[in-house]
Amino acid sequence: MRQAAKVLQLFKTLHRTRQQVFKNDARALEAARIKINEEFKSNKSETSPKKIEELIKIGSDVELLLRTSVIQGIHTDHNTLIHQDSALLEKKGEIMYLLKILIGP
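For the sequence shown, counting from 1, position 34 maps to 34 in full-length UniProt numbering; every step adds exactly one.
It is possible that part of the hints are untrue.
Said to hold, decoys possible - Here are the simulated lysine to aspartate or glutamate pairs, DMTMM-like style, with alpha carbons at most 20 Å apart:
#1 35 x 63
#2 12 x 46
#3 6 x 38
To be verified - Here are the in silico distance ranges between beta carbons for each label pair:
#4 48 x 8: 16 to 24 Å
#5 2 x 28: 30 to 38 Å
#6 37 x 57: 13 to 21 Å
#7 27 x 6: 27 to 35 Å
#8 24 x 65: 14 to 22 Å
#9 47 x 24: 34 to 42 Å
#10 61 x 28: 15 to 23 Å
#11 25 x 50: 30 to 38 Å
#12 2 x 41: 15 to 23 Å
#13 40 x 70: 15 to 23 Å
#14 8 x 70: 17 to 25 Å
#15 29 x 58: 17 to 25 Å
Just so you know, these hints were derived from the structure itself, not from any lab.
Cβ coordinates follow ideal geometry from the N, Cα and C atoms, glycine included.
Based on the sequences and whatever the hints tell you, model everything.
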């Protein structure tokens, strides 16, 4: 695949991932949209194939991190944070433990 096609595909993939990961969170959706667009725009004039491949790798790593590591939670009261997808919590019970450590007792 040509580099230009890889870049376009990565751009679209990042935006699709953003929409899935941050659904129902307008502020996060907008912030992620702006950041993705800014990063691609700031590197638009890059011509070095090696540098472009490095940027594609970074973008792919970011997409994987977003898809696998970001958890959206909902505050139910001042001491409770729950995940929007309870099935995910059952698979990742250790995440709730970490969340409790981060937000306190």
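Which hints, by number, does the structure contradict? none
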